[in-house]
Every structure is written in C-alpha cells, then in structure tokens.
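Asker: With chain W held as given, fit chain Y onto it using these hints.
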Amino acid sequence: MNKKLSFGLSFALMTALLSACGGGNDGGSASQTPSASGSNSPATESASAPAAEPSEPVTISFMHFKSDVTDGIAKIIEQFEAENPNITVDVQPVKYDDYGTLLKTKLASGDIVDVFTLNAGSTTKLYHDGGYLEDLTDLEFMKNFDPGVLAEQATDGRNYIMPLNAGPIAVFYNKKIFADLGLDIPTTYDALMESAQKIKDAGKTPFALGWKDGWTLGMWLSRDFPSNTVLIDGQTDFFDKLETGQAKFADNPAAHTVISHALDLFKFGNKDQLGVDYNGAVDLFAREEAAMMYMGTWPLADIQKKNPELYESGMGYFPYPFSNDPSLNKLEFNPDASLAVNSNSENKEAAFKFLAFMASKAGGDAWVENTNTLSYVKGASADIAPAVTELQPYFDNGHLYNSQVFITTTIDWNTQFTQYVQKVFFNKATPEDIIKDLDDWVAKNHK
Amino acid sequence: MKNLGRTIRRETWYILFLVPGVLLFAFAVIAPFVAGVRYSFTNWDGVSRKLSYIGLDNYVNAFQDADLWTVLGNTFKYAIILTILVNVVAILLALLLDSYLPMRNLFRTVFFLPGVISVVLAGFIWSYNYSQGFPKLLSSFGLDVTSPLGNPDQALIGLIIIAVWQGVGTPMIIYIAGLQNIPVELTESARIDGAGPFRVFRSVTLPLLGPSVTINMLLVLTGSLKVFDLVYVTTNGGPGFATEVISTFIYKNAFSSFKAGYGMALSMIFFVILVVVTVVQVSIFRKREVEV
Numbered sequence: 001m002n003k004k005l006s007f008g009l010s011f012a013l014m015t016a017l018l019s020a021c022g023g024g025n026d027g028g029s030a031s032q033t034p035s036a037s038g039s040n041s042p043a044t045e046s047a048s049a050p051a052a053e054p055s056e057p058v059t060i061s062f063m064h065f066k067s068d069v070t071d072g073i074a075k076i077i078e079q080f081e082a083e084n085p086n087i088t089v090d091v092q093p094v095k096y097d098d099y100g101t102l103l104k105t106k107l108a109s110g111d112i113v114d115v116f117t118l119n120a121g122s123t124t125k126l127y128h129d130g131g132y133l134e135d136l137t138d139l140e141f142m143k144n145f146d147p148g149v150l151a152e153q154a155t156d157g158r159n160y161i162m163p164l165n166a167g168p169i170a171v172f173y174n175k176k177i178f179a180d181l182g183l184d185i186p187t188t189y190d191a192l193m194e195s196a197q198k199i200k201d202a203g204k205t206p207f208a209l210g211w212k213d214g215w216t217l218g219m220w221l222s223r224d225f226p227s228n229t230v231l232i233d234g235q236t237d238f239f240d241k242l243e244t245g246q247a248k249f250a251d252n253p254a255a256h257t258v259i260s261h262a263l264d265l266f267k268f269g270n271k272d273q274l275g276v277d278y279n280g281a282v283d284l285f286a287r288e289e290a291a292m293m294y295m296g297t298w299p300l301a302d303i304q305k306k307n308p309e310l311y312e313s314g315m316g317y318f319p320y321p322f323s324n325d326p327s328l329n330k331l332e333f334n335p336d337a338s339l340a341v342n343s344n345s346e347n348k349e350a351a352f353k354f355l356a357f358m359a360s361k362a363g364g365d366a367w368v369e370n371t372n373t374l375s376y377v378k379g380a381s382a383d384i385a386p387a388v389t390e391l392q393p394y395f396d397n398g399h400l401y402n403s404q405v406f407i408t409t410t411i412d413w414n415t416q417f418t419q420y421v422q423k424v425f426f427n428k429a430t431p432e433d434i435i436k437d438l439d440d441w442v443a444k445n446h447k
Numbered sequence: 448m449k450n451l452g453r454t455i456r457r458e459t460w461y462i463l464f465l466v467p468g469v470l471l472f473a474f475a476v477i478a479p480f481v482a483g484v485r486y487s488f489t490n491w492d493g494v495s496r497k498l499s500y501i502g503l504d505n506y507v508n509a510f511q512d513a514d515l516w517t518v519l520g521n522t523f524k525y526a527i528i529l530t531i532l533v534n535v536v537a538i539l540l541a542l543l544l545d546s547y548l549p550m551r552n553l554f555r556t557v558f559f560l561p562g563v564i565s566v567v568l569a570g571f572i573w574s575y576n577y578s579q580g581f582p583k584l585l586s587s588f589g590l591d592v593t594s595p596l597g598n599p600d601q602a603l604i605g606l607i608i609i610a611v612w613q614g615v616g617t618p619m620i621i622y623i624a625g626l627q628n629i630p631v632e633l634t635e636s637a638r639i640d641g642a643g644p645f646r647v648f649r650s651v652t653l654p655l656l657g658p659s660v661t662i663n664m665l666l667v668l669t670g671s672l673k674v675f676d677l678v679y680v681t682t683n684g685g686p687g688f689a690t691e692v693i694s695t696f697i698y699k700n701a702f703s704s705f706k707a708g709y710g711m712a713l714s715m716i717f718f719v720i721l722v723v724v725t726v727v728q729v730s731i732f733r734k735r736e737v738e739v
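Chains as they are written, first to last, in the numbering used here: chain W, 1 to 447; chain Y, 448 to 739.
Careful, some of the hints might be misleading.
Stated by the list, open to error - Here are the simulated EDC-like cross-link-like pairs (lysine to aspartate or glutamate), alpha carbons at most 16 Å apart as the crow flies:
hint : chain 1 : residue 1 : chain 2 : residue 2
1    : Y       : K497      : W       : D129
2    : W       : K444      : Y       : D514
3    : W       : K175      : W       : E390
4    : W       : K200      : W       : D180
5    : W       : K271      : Y       : D591
6    : W       : K436      : Y       : E632
7    : W       : K175      : W       : E312
8    : W       : K423      : Y       : D514
9    : W       : K348      : W       : D190
10   : W       : K428      : Y       : D600
11   : W       : K444      : Y       : D504
12   : W       : K444      : Y       : D600
13   : W       : K267      : W       : D190
14   : W       : K125      : W       : D412
15   : W       : K428      : Y       : D591
16   : W       : K436      : Y       : D512
17   : W       : K423      : Y       : D600
Simulated from the structure, these hints should not be mistaken for lab results. Nothing here was measured: the structure is a model prediction, and the numbers come from that model.
Bound-form chain W, shown alone (with noise of 0.2 Å):
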C-alpha cells in the first residue's frame, strides 16, 4: 500500500516537473500559454470520429465567446439534443478576451471545431482568408434572416457566417436620479455632459466606468470614433485608406473629438476609472450610485440579482448621443455572435441541422429567452429587460444604425488607441502626441 502511494506519488511529482520544465524554456511564454488548455480538447474526438450518417450518433463540438450566459445557452442546446436525438453538442465556452487565441491556435494545430461563434467584419475575413469558413450562402435556413442582416455580415458577398445575435449599445441611467434632479434624456452630446455636470454637482458619480477591463472603454472607443468620422466628419473612406496606409489620424478631426469625448467621460466618471473593472461599473450602478452607464445589455441579468427593483421600475436605457445632431444619435445596435461551420467538419450535415435549428423561430425564442440578447431570426420575441422595452420606438421607427459597418480595416487601431487615449488622462502625454504615436504605429501595420 505504502509502496504503491510513494511510486504514485513520485509520478505525480515528475509529471509536474516536467510540465514545469515545458513552461520555462525561454522568451516564448507567450505563445505557450494557450496550448496548455488547448491540448486536451474533445474536439480531436468528433474528428476522428466516423463521417456523418444522419442515423449514426454523432458528437459535434461548439465553441463560443458567450460564456457570459454558460447557462442559458446550455438548455438551449438541451432544447436542440431533444429534437435531435443522434446528436450530442460538445459545448465549449470561453471568455470573449482569450476567444480569439484560443480558437486561432486550435484551428492551427489541426483541431476541428465543427461550430463556433465569430464576429462579423474583419475577424470573419481572416478566417475566410484562412480556409477555415464553409459557404452558407445558398442553404435553406438562411432564408430566415433578413436580406439586408446578410448582406451586413457577407464577406466578398458571399456569407460565411450565419447571423446570431445582435443587441444595442446604449446609456443605462437611473430614472430616479434623473427625476430627482429634474433631468431630461439628453438627445446631444452637450446636454449629456451637462446632465453629467449637474449629476455630480449632486453629489452622485454621472458615468459607471470599468474601465480597468481594456474592453470596455475601447467598446466605447471603437463606436465613438468611427461614428464620428463617418457620420459627422464626412470621411467615408477613412478605414479604408487606413488599411492601405493612406489616411492618418492626424487628419482625422474626429481624432481629436474622440479624445476630448473621452476626457469628459473620465471627469465625469466614477473615482479610480482605471482601477475598477466592469463588475465593479456594474457594482456601481446596480447600488444607485452612478447614475449612467454606457453598456449593451450583458449586465442585465447581473443587475436584476443584485437590485430587482432597479431593474423592474428604476432604470431606463437611451442611445448614446455621439454628437449634438440629434437627427444623427441614433440607437447603437450591432451585431453580436455570428455562427460559422468549419470547412474541414467530418460532421458538417449535424453541424448544418445545428444552424437550421438556431435559425428557427423555437431557436430564436430560445436564445432570447435564455441570453437576454435580441435575435436575428424574423420573427423571435424581443421581451428581454423592462429597460430595453423603452427602446421599442427606435426600433419601429428603424432609427437604428451599426457604426460596426464603418470599420473595413483588419488593422488593430483600436488596443492601440484605447490604450494611447489613457496616456492622456494622467497627463503623460497630449492629444497630439498620441494622434502622432497612432498614426506612427499604423504605419508599420498597414497592408
């Protein structure tokens, strides 16, 4: 017995020094660290696994980035493995900021991930660049969408990515706060910041910022920016000369909109910005004591735990006015996850009966019901918070726009300026160092 535990023992610890030995060896950490959860992936089953018989049992895997609603989306594959008896959906949810390493290094090494969720755009373009995306253009389910959702997320026409989820971004506030103080929803960017202004005269934090998570003001940055440019500052081909290397963000006006924009986000942000992270914002707005938010609707069911009756009655949901053209703020509303199916599945046909089941109107009133985000499916339900029903009018009006669409580069300005942008904070640096330092850094990285 005692023989047996020592030799079991002594295994055990030679398995850790050699894995220890692995994860030293020199400058790469880098590249070493996602393998290390990557190695013992499921995946590798279903790929070795016999090609698909609609009546054999198959195992196909889904990874996707809403690990956020881990929950929800597992009973909505319940609800699929129900009708579908012969297949079994190996789910696998990551974090959103580890998503695109994870998946890059799976699909390198020769793992099949037969579904998985992607992000419209560039991202998208990659992947099809790669080899990695199976043409869903012509099969049946995509009919359920509308056109013009397909044409948004086609990559050179032709779609690679079956639309998911979508959802707005917008400013949560407190109603009460608001009435107490006697203030409007602001429609311009000005009356925002006063409201903001009168807020904190109160006594009370204007804005909710995690800002410490860099996703959260980079979410803010990478629609603040673009929306400007765009829409206020007339340039159109922006991002795409940028890819090319034509255009600079110093003659750019936006750039210097954008950052002053964020200077008064920061003023008027709850102390320590950099030093809370969106729970943290979250925490801070669930507990009444910032009085805005700038989110999607993630955090809903966050906040219904931890204040009921802020969710119920105490809070509403206004778009975010990016400028003082109010015929111009309209609501934020981008698209979230996109399902893809790999081009090299051995399950594509379980994959595809996978999608036309997340296209159906039961897969879409599944997803709203379980996530909390909207779906694209026509038809599904969109009862998903007491705040987001306050949207309604701009969706029946169509005041919708998705300053997504505007970013054509694959270039990573965003990181770059979200992490430049907090230079200025602090004073380390002016608005025109960081334009130059951004316009520097394009440089090397355009096409």
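Answerer: Just chain Y now, kept in the frame of chain W:
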C-alpha cells in the same frame, strides 16, 4: 581499439536513460524554437495558411519600435526592483526565522504560503484588495485612497508589492538552508573576536551565503523578466503603457493584433536578452562566492 568498442557497447545502455529526456527537450523546446525562428522571418498573421518571407523586416521594425523600448524599460525596472526587494526581504526573514524564535516553524509556513497559491488567484485577490478592500478599510480612518493599479505612476509599484508578497517564500527557504549550512564555530569565533551582530553578518554570514545569493538572484531576476501571468490578470499592461512588460507586449502583438511573425521576432530578441542577462549575472556572482 577492440577494447574501446567493447567499452562503448557496454556503456551504451546508459544512453537509454537519456533518451526520454532528450526527446522531450527536443520536441517541447528545440522544435518549437526552430519553428519560431522560421516564423520570425515571415509576415504570418497567425490564422492564414499562407505566409511569405520578408527577411529581416520584423527585426528592423522591432528596433525602430518606440513601444518596445518603453516596454523593455518597464520590464527591467520591474525585474531589478523586485529582485532586490525579494532578496533583501527574504534574507531578513531567513535571519529572523533561523534564530531561536518561538513558533518559528509556524512563521516559516505562514511566509511561505502565498507562494503556494497560483499567480492568477493572487492577482485577483490583490486587485480586489487594492480596488475594494484597502479603500474601504482606510476610508474608516478618513483616508481617501484609490487603487494603485489604476494610476500609471503607481501601477508598477502595485505589481511589485504583489510579486514580493508572493515570491518571498522560496528564496527565504533557500536562505534558511544556506544559513543552516554555515558552521556555528565561525560565527562564534567572530563573536569572541569582538564582532557585533552586524559585523558578523557582513563579514561572515553574508559571504558564506554566496551560493544562495547567486541562485536566488538568478531565479528571481530571470523569473521576473519573464513575468506574464501577474500583469495579464491584474492590469493587462495598462493604464497607458505603465505596466506593459515584454511578455504581454509579445502576446498582444502575436495574438490580439494578428502579427504572429512580428511577435516571434520579438520573442527571439527577448530570448537573446535573457541569455545575455543570465550569463553576465552568473559570471559576476560566481566570482564573489566564498567556499566554506
């Protein structure tokens, strides 16, 4: 000749024992390294199946990249301050816990414990401490503090504090072992010769601790130059570029910005820097060691 042949045949079975290790090293270290060198001469984006060779462009870009110099500066600042702090604190703790202190085994465990938690967890605990715990605690004393991690002037110090808290355990154990190896006669005779405790430490203990100092300096310095996890989970390089270190910079380039080729070139540069630092450091400290 025949004899030699027989010797070789007789001794070859030793090689069998080397084979697993060599194979593992070859496949886990050398092969990826060689592939990495190859990729560093391409413009691979990390996804595409096509890549083209662009010669030394990645390396030329890297040396002209102002961010790379900022990032290297941060990395060395972090590593040097951390190495000094960790070693000073570890020696002090070791001296304290090697003396006849009641419950010293308990204290040894307590100081060693933070090193047992994963860095990721430590990062989360401390970012919570910094952003929620300390401000709330200190606000009851009327102090208004914010998280150092949210301020570019203090973020690096904030990280160093976490790293010291977590990293002091192992060096401390090595120092305690080193202290126990020093013969008592030496310190005793020094004391009889009239040396005070400080003089004993400077002239007897510290020189004899030489090997421990060398190994600890080396381990902490190379470890902290390669820091990735702590930065990634706490600040992710922000605010601005205040805590961007070379590993997170490489990671962002290779993965977030879809420039795997460039990231590889950066890795290679970093690899060379690490080798140079290690060789220089070892040669300096080895010279200063004293044999017992």
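Asker: Work down the list of hints and note, for each, if the structure agrees.
Answerer: To see whether the hints hold, each was checked on the structure:
Proposed proximity of K497 of chain Y and D129 of chain W is supported: the alpha carbons are some 9 Å apart, at most 16 Å. The straight-line distance between the Cα atoms of K444 of chain W and D514 of chain Y is roughly 12 Å, inside the 16 Å bound, and the hint therefore holds. Restraint check: the Cα-Cα separation between K175 of chain W and E390 of chain W comes to about 12 Å, which is no more than 16 Å; the hinted pair holds. Restraint check for K200 of chain W and D180 of chain W: satisfied, since their Cα atoms lie roughly 13 Å apart, inside the 16 Å limit.
At roughly 10 Å between alpha-carbon atoms, K271 of chain W and D591 of chain Y fall within 16 Å of each other, so this suggested pair holds. Only pairs whose Cα atoms come within 16 Å are accepted, and K436 of chain W paired with E632 of chain Y is rejected, the gap being roughly 67 Å. Between K175 of chain W and E312 of chain W the alpha-carbon distance is near 11 Å, which keeps this suggested pair within the 16 Å criterion. Annotation: proposed proximity of K423 of chain W to D514 of chain Y holds, straight-line Cα distance about 13 Å (limit 16 Å).
Between the alpha carbons of K348 of chain W and D190 of chain W the distance comes to roughly 52 Å, so the proposed pair goes past 16 Å and is violated. With a C-alpha separation of about 10 Å, the suggested pair K428 of chain W and D600 of chain Y falls inside the 16 Å cut-off, and the hint holds. Proximity of K444 of chain W to D504 of chain Y is assessed by CA-CA distance (about 10 Å); at most 16 Å being required, the pair is judged to hold. The suggested pairing of K444 of chain W with D600 of chain Y is violated, with an alpha-carbon distance near 29 Å, which exceeds 16 Å.
Restraint check for K267 of chain W and D190 of chain W: the C-alpha separation of about 14 Å stays at or below 16 Å, so the hint holds. Distance hint between K125 of chain W and D412 of chain W is fulfilled; the C-alpha atoms sit about 14 Å from each other, no more than 16 Å. For the given pair, K428 of chain W sits about 23 Å from D591 of chain Y by alpha-carbon distance, which is inconsistent with the 16 Å threshold. For the hint pairing K436 of chain W with D512 of chain Y, the CA-to-CA distance comes to about 14 Å; that is within 16 Å, so the pair holds.
A C-alpha spacing of about 11 Å is found between K423 of chain W and D600 of chain Y, which places the hinted pair at or below 16 Å, so the restraint holds.
In the structure shown, a violation is registered for the earlier hints numbered 6, 9, 12, 15, in ascending order.
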